[in-house]
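A.B. asks: As a plain string of letters, each chain reads:
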Amino acid sequence: MKYLFSEMGEQVVESLSFTRTLYAFDFDGTLVPIVASPELVRISRETEKLLHELASCAAVLIISGRSVADLSTHITLGRKYLIGNHGLEGLGGNKETIAKCEAVCSKWLNQLQRGWDALKSDTGTFIENKKYSLALHYRKSRNKKNARLELFSLIEKLQPPPRVILGKCVMNLIPAGGPHKGVALLEAMMKLNLKCAFYIGDDDTDEDVFTLPDNRIITVRVGRRSTSQAQFFLKRQSEINKLLRNLIKINQKSTLHAGV
Amino acid sequence: MDSEIAQLVKVNMAFHNLNKSAEGKLGLSLVQYYFLVTLRDMPGCSPQRLATAIGMHPSTMSQSLKRLVKKEAVFVGDDPKDARKKILSMTRAGNHLLIKFSRGIGELLSTREFEKYFIFVRLGKG
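Chains V and P supply the protein sequences, listed in that same order. According to the working numbering, the first sequence is numbered sequentially starting from -16. According to the working numbering, the second sequence is numbered sequentially starting from 3.
These are computed hints drawn from the structure, not numbers from a lab. Don't be surprised by glycine CBs; every beta carbon is placed ideally from N, CA and C. Possibly wrong hints are sitting among the right ones.
[As the list claims (entries may be wrong)] Think about it this way: if two alpha-carbon atoms lie no more than 27 Å apart in a straight line, the pair counts; the simulated DSSO-like pairs of lysine-lysine are:
(1) K218(V) <-> K73(P)
(2) K151(V) <-> K90(V)
(3) K22(P) <-> K232(V)
(4) K27(P) <-> K218(V)
(5) K178(V) <-> K151(V)
(6) K151(V) <-> K83(P)
(7) K178(V) <-> K22(P)
(8) K140(V) <-> K63(V)
(9) K63(V) <-> K232(V)
(10) K178(V) <-> K83(P)
(11) K123(V) <-> K218(V)
(12) K114(V) <-> K178(V)
(13) K236(V) <-> K87(P)
(14) K236(V) <-> K22(P)
(15) K22(P) <-> K72(P)
(16) K178(V) <-> K140(V)
(17) K232(V) <-> K102(P)
(18) K12(P) <-> K178(V)
(19) K72(P) <-> K236(V)
(20) K102(P) <-> K178(V)
(21) K27(P) <-> K232(V)
(22) K140(V) <-> K83(V)
(23) K83(P) <-> K22(P)
(24) K88(P) <-> K178(V)
(25) K236(V) <-> K102(P)
(26) K27(P) <-> K83(P)
(27) K236(V) <-> K63(V)
(28) K83(P) <-> K218(V)
(29) K72(P) <-> K225(V)
(30) K90(V) <-> K114(V)
[Said to hold, decoys possible] To spell it out: a stretch of chain P is covered by chain V in this simulated footprint if at least three of its residues, at any positions, have a beta carbon under 8 Å from a beta carbon of chain V; those stretches are:
(31) 24 to 31
(32) 62 to 68
(33) 71 to 80
This is chain P alone, in the form it adopts within the complex:
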């Protein structure tokens, strides 16, 4: 059991490192990438709806959302039908980040550290 837990911790750390490297080199973490890809196909949706689509709790999502708004990748506006609610849409800057990420993630995943743990991840490799 201990060795399995140790493996899990190593995977978790590798994931953490991958996230950090991705955000540093490609401008988006894996979660932010997934957030943007989902939002791309749901323009003008509410944060709650996006959270459901991503499978994340809305309060957890709000941190990612804040970071993406800071990067000007996401635009937050008032819902045209209900001013109490907000809607989200991806910006052109967000689309550029998505393209950059898609082109670079394959290379990042193929480095020795990540390949070891993410051999099952085919993201960016077609």
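Pulled out of the complex, with its shape left as it was, chain V reads as follows:
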């Protein structure tokens, strides 16, 4: 993993501006800092302004585990820039699959609520219902290790069994057959007829993008981690504005439309 603001990182990022590139961002932990409760997130005015500016000169998408409805309450970029529920919403996916995911999630919700009261852990765990997927949060739990184990014991009883993606103090439950962020990114590239992509994220759910065996995608992780499959890293979330400024600068200078 190399630091994105190294000579090589900057060269690679600049080379993206010479072709039709999709700039895709994760939301929590990338565009906004992680907070104790998901509803408390606030995107900074500066970040939002920079995103709008970048969207005016390049293709931009936000790919999140949140639902599109939830995302759109936190960001004014417009729904066409948002992909929610790990790729299930925002790409005009198969209606049958979406309906199936909704039905499965409501089944899980019933099963989980029955077992929830029996949880021995403190009250720091809660279920986030994202309609087509569920997220079990335990960030506020005093004993995170225990909370995690108890949640796992609940998850293993769920029928039909979910695909579990572990995040930062959260377990994402996705119905089988549902897409992941990697699939969503590739589908968006194909739909928008773009040749390359730049993706930045901070969580385990983003590893689905980082592990894609596709040379057209440049991947960046917020926070260095040796086990991550991302090519580059940012030291911390607060560097996102610097990155956005760089991307705007190179795309405004770009001669992409000069008729090559």
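Place chain P on chain V using the hints.
C.D. replies: Just chain P, lined up with the frame of chain V:
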């Protein structure tokens, strides 16, 4: 057969002359142009992968790569995932060369010498 071989040799020489003229006037030979155009859509790819995309053997490609690095059109760095490997990306200077080439190649191909042999080449003519 002899006349066909003679024609082939003439085409080969015309191609050689075109390459020389293109590199002299536009800064890139045809092969270098193809190399850069392919690399433009594969930023950060490995030399092997680029060679496969171009349809060239990696050892043949290394000469073109050296020339392009000398022209500062291509940047070579260590692969962030594996320090034993290298990755390539096109630089801003490389992009300028591509633009210059695209704008000038049509004119070069329309000269009498090349038109005769490259009447089938529509490169740069839309």
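A.B. asks: Would you mind marking each hint as holding or not holding in the structure?
C.D. replies: Consistency of the hints with the structure:
Distance hint between K218(V) and K73(P) is unfulfilled; the C-alpha atoms sit about 33 Å from each other, more than 27 Å. Among the hinted pairs, K151(V) with K90(V) is consistent with the structure: their alpha-carbon atoms are about 25 Å apart, no more than 27 Å. Annotation: proposed proximity of K22(P) to K232(V) is violated, straight-line Cα distance about 36 Å (limit 27 Å). Distance hint between K27(P) and K218(V) is unfulfilled; the C-alpha atoms sit about 45 Å from each other, more than 27 Å.
Pair hint K178(V) plus K151(V) does not hold up; C-alpha atoms about 31 Å apart against a cutoff of 27 Å. The hinted pair formed by K151(V) and K83(P) meets the criterion: a straight-line CA distance of about 24 Å does not exceed 27 Å. Of the supplied pair hints, the one linking K178(V) and K22(P) is violated, its CA atoms being roughly 31 Å apart against a limit of 27 Å. Between the alpha carbons of K140(V) and K63(V) the distance comes to roughly 37 Å, so the proposed pair goes past 27 Å and is violated.
At roughly 23 Å between alpha-carbon atoms, K63(V) and K232(V) fall within 27 Å of each other, so this suggested pair holds. Between K178(V) and K83(P) the alpha-carbon distance is near 22 Å, which keeps this suggested pair within the 27 Å criterion. Between K123(V) and K218(V), the direct Cα distance comes to roughly 25 Å. Compliance with the 27 Å bound is thereby established for this hinted pair. Under the criterion of a C-alpha separation no larger than 27 Å, the hint pairing K114(V) with K178(V) is inconsistent with the structure, at around 32 Å.
With a C-alpha separation of about 30 Å, the suggested pair K236(V) and K87(P) falls outside the 27 Å cut-off, and the hint is violated. In summary, the hint linking K236(V) to K22(P) is not supported, as the alpha carbons are separated by about 31 Å, beyond the 27 Å threshold. Proposed proximity of K22(P) and K72(P) is supported: the alpha carbons are some 17 Å apart, at most 27 Å. Between the alpha carbons of K178(V) and K140(V) the distance comes to roughly 43 Å, so the proposed pair goes past 27 Å and is violated.
In summary, the hint linking K232(V) to K102(P) is supported, as the alpha carbons are separated by about 22 Å, within the 27 Å threshold. Note on K12(P) and K178(V): the hinted pairing is violated, with a Cα-Cα distance of about 38 Å set against a maximum of 27 Å. Taking the CA atoms of K72(P) and K236(V), the gap is near 24 Å; set against the 27 Å cutoff, the hint holds. A hinted pair counts as satisfied when its Cα atoms are at most 27 Å apart, and K102(P) with K178(V) qualifies at roughly 22 Å.
Of the supplied pair hints, the one linking K27(P) and K232(V) is violated, its CA atoms being roughly 31 Å apart against a limit of 27 Å. With a CA separation close to 19 Å, the supplied pair K140(V) and K83(V) stays within the 27 Å bound. This hinted pair does not check out: K83(P) and K22(P) have alpha carbons roughly 38 Å apart, beyond 27 Å. Simply put, K88(P) and K178(V) have alpha-carbon atoms about 22 Å apart, close enough for the 27 Å limit, and the pair holds.
At most 27 Å may separate the alpha-carbon atoms for a hinted pair to count; K236(V) and K102(P) meet this at roughly 17 Å. A C-alpha spacing of about 39 Å is found between K27(P) and K83(P), which places the hinted pair above 27 Å, so the restraint is violated. About 25 Å separates the Cα atoms of K236(V) and K63(V), which keeps this hinted pair within 27 Å; it holds. Distance restraint check for K83(P) and K218(V): the Cα-Cα separation of roughly 17 Å lies within the 27 Å cut-off, and the hinted pair is therefore satisfied.
At most 27 Å may separate the alpha-carbon atoms for a hinted pair to count; K72(P) and K225(V) exceed this at roughly 31 Å. Distance restraint check for K90(V) and K114(V): the Cα-Cα separation of roughly 11 Å lies within the 27 Å cut-off, and the hinted pair is therefore satisfied. With a cut-off of 8 Å between beta carbons, the region 24 to 31 of chain P has 0 residues touching chain V; three or more are needed, and the interface restraint is violated. Restraint check on the region 62 to 68 of chain P versus chain V: 0 residues with Cβ-Cβ distances below 8 Å, three needed, restraint violated.
Remark: the region 71 to 80 of chain P is confirmed as covered by chain V, as 3 of its residues place a Cβ nearer than 8 Å to a Cβ of that chain, reaching the required three.
Checked against the numbered hints above, the structure violates hints 1, 3, 4, 5, 7, 8, 12, 13, 14, 16, 18, 21, 23, 26, 29, 31, 32; every other hint is satisfied.
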